[in-house]
Every structure is written in structure tokens, then in C-alpha cells.
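Use the sequences and the hints to build the structure in full.
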Amino acid sequence: MRSMSGGGAAPNNDERFRDGKPTLEYARTLPKTFATMTNEQVLHFAELSVPEACRECVVRDIMSVDQVEYDEAMKVFEEIRTKNREGMVVAALPFYAGFGSAVIGCYASIPLVFDRTLVEWFNERFVTADMPPEQDLETFLEVGAA
1 MRSMSGGGAA PNNDERFRDG KPTLEYARTL PKTFATMTNE QVLHFAELSV PEACRECVVR
61 DIMSVDQVEY DEAMKVFEEI RTKNREGMVV AALPFYAGFG SAVIGCYASI PLVFDRTLVE
121 WFNERFVTAD MPPEQDLETF LEVGAA
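For the sequence shown, full-length UniProt numbering assigns the number 146 to the last residue and increments by one with no breaks.
Treat the hints loosely; a few may be bogus.
The calculated DMTMM-like cross-link candidates involving lysine to aspartate or glutamate, where the alpha carbons are at most 25 Å apart (straight line), are [claimed, not checked]:
1) 75 with 40
2) 32 with 78
3) 32 with 52
4) 32 with 71
5) 32 with 47
6) 32 with 69
7) 83 with 71
8) 32 with 72
9) 83 with 52
10) 32 with 14
11) 83 with 72
12) 75 with 52
13) 32 with 61
14) 83 with 61
15) 83 with 69
16) 75 with 61
17) 75 with 86
18) 83 with 66
Bear in mind the hints are in silico, worked out from the structure with no lab data behind them.
Just so you know, these numbers come straight off a predicted model, no measurement behind them.
Here is the structure:
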């Protein structure tokens with residue numbers, strides 16, 4: 001087990017710690033939500049890309065700009081969040097279409113590579129490459145390697 005004696009331990013004269021451990025009173029002051037954290041703490045977590053901290057930064061900015069209290073700023077934030085989500089399905093359609101096409105292409109490529117009948121048909125119409133000798137096409141793995 002690592003020792004905290006090298007600079008990480010609480011100072012002996014700090015009332016918040018007793019025998020190098022936090023007191024119950026100090027432990028009770030631990031922030032439980034982002035709303036109870038200082039601006040510095042929230043910004044620190046926002047820089048680490050914690051979504052809740054980023055949300056809290058926006059709420060506090062709304063408070064500052066609109067000159068409103070926290071509860072009213074949360075209502076404004078919810079309006080912004082709702083408006084931001086409008087049209088998200090339509091905006092995501094190209095992603096879903098591309099993903100669907102990739103899945104279909106994946107499964108369609110299996111018979112186009114390993115089924116001899118489809119390989120010959122596809123080669124005749126689109127590729128027109130020379131086929132290997134008959135003895136090199138006896139198994140589906142040989143067809144796939146052709």
C-alpha cells in the first residue's frame with residue numbers, strides 16, 4: 001500500500017483532518033451535486049468533458065447573462081435542450097442510411113465472394129476477369145480465393 005506521507009497527507013495543524021484522516025464534519029461538506037460545487041470545480045470537470053459539469057457551466061452562464069436565479073436558469077436550459085433536440089432524427093438519417101448500407105453490403109459480399117454461381121455471374125457482367133482452372137474452384141474457400 002502506498003503511503004501519503006510525501007506531500008499528499010493532510011497537515012497536522014489542519015482542523016479538518018485528525019490523524020491524517022478527514023473528520024466527519026469535513027466529510028459532510030463534500031459537494032454531492034454539480035450545483036453545490038464552486039465555479040472552479042465545475043470548470044475543472046467541464047474541461048475533463050464531464051457532461052453534467054458542462055451543463056452546469058451553461059446554467060451558470062444563463063444565470064449571469066439573463067440575471068436570473070438557478071431554478072429559472074434551469075428552466076431556460078431545459079427549453080434550450082428541448083429546442084436543440086428538435087430535428088435530431090432527420091439530422092441522423094444519413095448516419096443510419098450509411099450504417100444500414102454497410103450492414104447490407106457486408107452480408108451481400110459473403111455470397112458474392114464464396115458462392116461459385118454468383119461469383120461467375122458477377123464476373124461475367126461486371127468484372128470480366130479470367131477465371132482460374134476448374135480444379136482450383138472445388139471448395140467455397142478456393143472460390144473465395146480466386
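Hint-by-hint comparison with the structure:
no. : hint       : result
1   : 75 with 40 : holds, 23 Å
2   : 32 with 78 : holds, 21 Å
3   : 32 with 52 : holds, 12 Å
4   : 32 with 71 : holds, 18 Å
5   : 32 with 47 : holds, 19 Å
6   : 32 with 69 : holds, 20 Å
7   : 83 with 71 : holds, 19 Å
8   : 32 with 72 : holds, 21 Å
9   : 83 with 52 : holds, 18 Å
10  : 32 with 14 : holds, 23 Å
11  : 83 with 72 : holds, 17 Å
12  : 75 with 52 : holds, 16 Å
13  : 32 with 61 : holds, 21 Å
14  : 83 with 61 : holds, 18 Å
15  : 83 with 69 : holds, 21 Å
16  : 75 with 61 : holds, 13 Å
17  : 75 with 86 : holds, 17 Å
18  : 83 with 66 : holds, 18 Å
The structure agrees with every numbered hint stated previously.
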